[in-house]
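S.K.: As you go down the protein sequences, you meet chains P and S in turn. Using our numbering, you'd call the opening residue of the first sequence number 1 and step up by one each time. Using our numbering, you'd call the opening residue of the second sequence number 1 and step up by one each time.
Just so you know, the hints here were simulated from the structure itself, not pulled from any lab data. Mixed in with the good hints there might be a few duds.
[Unchecked claim] Using 30 angstroms as the maximum straight-line C-alpha spacing, the simulated BS3-like pairs for lysine-lysine come out as follows:
hint : chain 1 : residue 1 : chain 2 : residue 2
1    : S       : K93       : P       : K435
2    : P       : K384      : S       : K394
3    : S       : K105      : P       : K377
4    : P       : K723      : S       : K276
5    : P       : K377      : S       : K108
6    : P       : K380      : S       : K394
7    : P       : K380      : S       : K99
8    : S       : K276      : P       : K607
9    : P       : K384      : S       : K99
10   : P       : K392      : S       : K394
11   : P       : K607      : S       : K283
12   : S       : K105      : P       : K384
13   : P       : K384      : S       : K108
14   : P       : K428      : S       : K93
15   : S       : K99       : P       : K419
16   : S       : K51       : S       : K283
17   : S       : K394      : P       : K377
18   : S       : K283      : P       : K728
19   : S       : K321      : S       : K413
20   : S       : K394      : S       : K118
21   : S       : K99       : P       : K435
22   : S       : K470      : P       : K435
23   : P       : K428      : S       : K105
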Amino acid sequence: MARRSSLTYWNEQFDHSMQLPLKNVSLLTLWPMLLAGVWLMAGVFTAAGETAVKDAGTTRSSNSEKVITEKDRAFWSFQPIKRVAAPSVILKGWAKTPLDQFILAKLESNGLVPSPPANRLDLIRRVYFDLIGLPPTPEEIEAFVNDKSQDAYERIVDRLLNSPHYGERWGQHWLDVVRYAETEGFEYDRNVADAWRYRDYVIKSFNQDKPYNRFLIEQLAGDEIVAEEAHRLQLDATRFSIEKNQSVAAPVTSEKLADAVAEPQAGWEVAEMREMQVAAAFHRLGPVRRNAGNQDVTGSRNEVLTERTDIIGAAFIGLTVGCARCHDHKFDPILQKDYYRIQAFLAATHEHDLILATKEEETAWRSQTNVIIQQVKKLKDGLKGLKGDEAKRLRQKIQETENQLPILPAIATVRTDDKQRTPIHVLKRGDWESKGDQVGMRGLSVLLPDGTPELPLETSNPRTALARWITDPQHPLTARVIANRIWLYHFGRGIVKTPNDFGKNGDPPSHPELLDYLARQFIDNGWRMKPMQRMICLSTAYQQSSRSPQAKSAMEKDPENRFLWRFTPRRLEAEELRDAMLAVSGALNRKAGGPSVIVPVDEELVKFLYKPSQWTVTSDKSEHSRRSIYLIAKRNLRLPFMEVFDQPALIGSCARRESSTHAPQALELLNGQTANALAAAFADRLMRETGANPERQIDRAYWLAVGRPPVVREKQLALEFLKSQSLKELVLALFNLNAFLYVG
Amino acid sequence: MLVRPRQHHRLTRTRREFIRDAFCGFSSLALASILQRERVRAASLNPLAAKLPNKVPKANAVIFLFMAGGPSHLETFDPKPLLNQLNGQPRPKEFGEAKYQFVQKNAKLLGTRRTFKKYGQSGIEVSDLLPHVGQCIDDIAVVRSCYGDMVVHSAAQYELFSGRVVPGFPSMGSWITYGLGSESESLPSYVVMPDPDGALEAGLPMYSNGFLPASYQPTMFRPGSRPVMNLDLPEGVSLRERRQTVDLIRSLNEATLRPEDDEFAARINAYDLAFKMQTEAPKVFDLSDESQETLDLYGIGGEPTRDYGRRCLLARRLVEKGVRFTVVVSGGGPGNRQWDAHDDIEENHLRMAAQTDKPIAGLLKDLKRRGLLDTTLVLWGGEFGRSPEAQTSKGRDHHNLGFSMWMAGAGIKGGQVVGATDDIGLRAVHDPYHFRDIHTTILHQLGFDQDDLSYPHLGRNERLTLVHGKVIQQIV
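Looking at chain P on its own, in the form it has when it is part of the complex (with noise of 0.2 angstroms):
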């Protein structure tokens, strides 16, 4: 459609979207009519060249605003994603996908060449922990090595990508990107309430293959759009609570969710309301700070805000609209307004802890809380006067009672107040203290004609209209941020090298053509990941050795490989280490979703909790081998094995892991719990399965552990440790090989 560059028609589209008009749909339609919405709003975004439509009777800006000049908006990343064809190419044959083109393209007008194709043993170990983070079986190695047909790489993919594991390969990057945790931090580092279900509803979004702009609209305002469907059905909008409408669903317990989930004929709409709700915890998954004592209410109110506006400019936009808001942007054509401008949409987002239980259950808790309170109260009273070794002990005795607090299934989620509007000012230098103009909702002014005005104050499902702007086909950021982090998770560096940053002190784009091809693709196709994953892994350049018969000149011209001559070897990502060995051991429980898990850990760790009781260590042991995305993501005691392997530190967002290599991460692997245990089941694994045979044990350990057989020099060894030392060792070695660690 045309695009009108005009305000009123940017006021106009708001005004009318703002009221969905929704008389008798389902969420059923509701979508495609969102999504619609989203469409018509395309003309707001300024297009390369375009003049700007000046309109001074409307701009709110004041006379100090630092001015977006058209340099400025001509920044790449700014710029329409353009709609490029692959370019042309010398070597004929070699590109298997048009990114190929793209990648041969630039090799070779750098004077690079690829490298062959993999082995059929490093591709099938590399896909496998690319897309579900697991290793291949020694069955399935020797199925597709001996499997001779056209597509026998590309039905594993398929496979692969159709995994139940695939969600909880993606969603690990996901919950990286969005700072997921599942406690607030600081002193109390309390539970947000069942956050899990925010961990579970990304790896099911992951698995269905879920638009991303749906994806994004969920998180930003899911309960937004559950409020407004809740008032068309005439339901309770601030506490919705289906079970008040008996005519629309059957009463909904957190047990009884699953189910709804897993028949959609039963209470589907629940289950996708909930859903919704669950997906808004988004905005509740930052460190949050409280304290006893007197309340600073604004300045406590500003870190939230602070917070949540961060994160959205970080995960979903790649800019560092964060570094605004104590000045205007350092690099960036982002003004000190614009950060506050954002902040405004979420002004009246509130704390929201959704109750999942029937009237019963919530007044049966009710009962049993206020008995245990009162527990609580008598013994802090006798604690007065006491010393020494008694304190201790009913110190002791008061933590335990509190630990029987019941707790009551709920969705940790935000919901909108028009009533509590947090007024929002520019701040100078950041400080909530010093108050400058109040400004309202609007995008960013680079990505808006000069004089585009803000949203009126009263605009309701503030966040939806946010929604909006992120996942408007035109704004040129959202689908190149995405399509580079699918990239970078791929290949191990993105198109650009800072996918949190796409302003102009981040990394210039290696193959800017190859971004727009790929983000263009990505929208065409729905917003869905997969075909695009599907086309990566496909291609020539992802199946590339990462051995090059030229290395030596190729380092030279490119150390860093960022033309891709061939494929970079990468160290495993904490949790695929774990997960890998839990595998590998025979150990892994391949159960899916529900609360997190807390394993136990050296009891003096526990020591350095400010509240030792919040590690109760979950007590079916079955649990204790579940897949690493299933362990509990506690802020204030992270499990030394993740940490160590480079695990992020779960309070902002991480895009790109690091990968550091030291000491104690031998020491963890050689010397640590996990590494012993698994060991030792990895060792009667093998007894179990080629009985006392050295030859035997190694090899077989070889395939399941490093997905191929030893060469000679390293069965000699093997061998050879075997006369002195247990199979034991043998295998603890192996979980410290490159090989093991690597894939390449």
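Since the structure of chain P is already known, use the hints to place chain S on it.
M.R.: For chain S alone, kept in the frame of chain P given last:
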């Protein structure tokens, strides 16, 4: 080996990407010699290889004596006669406003029952809580005008360690390790010795490497029989067997090593370091080679100084081994087991000071007589001070607007007082210094300008000091 880096900015590169000089015609070389070269290069790839700062340093190690919970400046280093005169009265208006966590606006001022005495040639006044430290005052520069931004523990502790009031940013120990690497191959370069009494509000994230690679994480020396995690062999495995396993790992890795993968070589090297750590690190805990006189100097022979004294002595031993940054925490567990004297400032501070005064003085004297104080910077302080107002009747609340910290050693000019609070100790009014100024001064003594150490994170080249800090020129 010592590597002089051009600069410490990471500029969005992975370590692997730095290796541009990797290939210069090795094809004619024998495999053994390739491996030899790999080892040499791997050593330079060690993120903890010792590095030189950009300027000539005065310090090469830091010991932070962390008085957790917030020690009162009014009872230690900042005598306020007027406060005693105004005891029981509301705060006079001319001193301005303050925000507290618990104390209400109508609270009354609380005088101190401590007496102050002039010590040393400098004649600096120190309270009767700290007679031993008083004897060292000529080596100490007392900064009476410190301030921070937060009045609750966790956020203030984050700011003290990382310059940010939120978790997730690297602590000063991690920054310094990032900048200087480790002088020691057998010990971690950044060590925290927590108080056995329990945890602190900010928890482990306070000490953490934040977004820096895990190689810069702290190592906790924990109370109990297994102070360092993963240093003990698993049950039933002997050191000789473990040596064999480590050798096997090396041989197996080398069997398929490809020269282009420098990171692989670095990992092979990490196992040698790990083994060294395993065999040599435990020696640091064995105090049998210390003289009785030394043990007595730290108060290790008796209570209540035994534990903190032992940890202070360990700190000296770590410095001798080349450890860069050591935190010795006083206080842990419930508030009153820290310096967090809400209920009774007398009872709390008498107890906490008695545990730490002699050990700290012992540490300073011991470092000095061994010549280590010339290159070791000692920092003392907590996340804030305490309120001039009474909480309940005889306690003091948290207080971040003006309080005392001190530094000694490594070129710090001792025997002087820097800055001042007002006459009731409410607010730093002369030469106020923020935590970031303390950080900047520490970096300065280590040979770094605050901009020398930065790391890209979410679009910014982050550094320890959020906005520019000042070097406290008077003491350097």
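S.K.: Under the criterion that the straight-line Cα-Cα distance not exceed 30 angstroms, is the pair K392 (chain P), K394 (chain S) satisfied?
M.R.: Status holds; Cα separation ~23 angstroms.
S.K.: Has the given pair, K428 (chain P) with K93 (chain S), been kept, meaning a C-alpha gap of at most 30 angstroms?
M.R.: Given pair K428 (chain P), K93 (chain S) holds - Cα atoms ~27 angstroms apart, limit 30 angstroms.
S.K.: Please work out if K384 (chain P) and K99 (chain S) have their alpha carbons no farther apart than 30 angstroms.
M.R.: holds, 28 angstroms
S.K.: With the threshold set at 30 angstroms, check whether the alpha-carbon distance from K470 (chain S) to K435 (chain P) stays at or below it.
M.R.: Holds. K470 (chain S) to K435 (chain P) sits at ~26 angstroms (cutoff 30 angstroms).
S.K.: Does K321 (chain S) pair with K413 (chain S) here, judged by a C-alpha cut-off of 30 angstroms?
M.R.: The given pair, whose Cα atoms are some 25 angstroms apart, holds under the 30 angstroms limit.
S.K.: Is the hinted pair K99 (chain S) and K419 (chain P) satisfied, with a Cα-Cα distance of at most 30 angstroms?
M.R.: This hinted pair holds, its Cα atoms lying about 29 angstroms apart.
S.K.: Are K283 (chain S) and K728 (chain P) close enough, with their CA atoms no more than 30 angstroms apart?
M.R.: holds, 29 angstroms
S.K.: Check whether the Cα positions of K51 (chain S) and K283 (chain S) lie no farther apart than 30 angstroms.
M.R.: With Cα atoms ~25 angstroms apart, K51 (chain S) and K283 (chain S) stay inside 30 angstroms; holds.
S.K.: Assess, step by step, whether the Cα of K428 (chain P) is no farther than 30 angstroms from the Cα of K105 (chain S), and give holds or violated.
M.R.: holds, 27 angstroms
S.K.: Would the pair K394 (chain S) and K118 (chain S) pass a check requiring their Cα atoms to be no farther apart than 30 angstroms?
M.R.: holds, 26 angstroms
S.K.: For a C-alpha distance cap of 30 angstroms, please report whether K380 (chain P) and K394 (chain S) respect it.
M.R.: holds, 21 angstroms
S.K.: Does K105 (chain S) pair with K377 (chain P) here, judged by a C-alpha cut-off of 30 angstroms?
M.R.: holds, 28 angstroms
In this structure, every one of the numbered hints holds.
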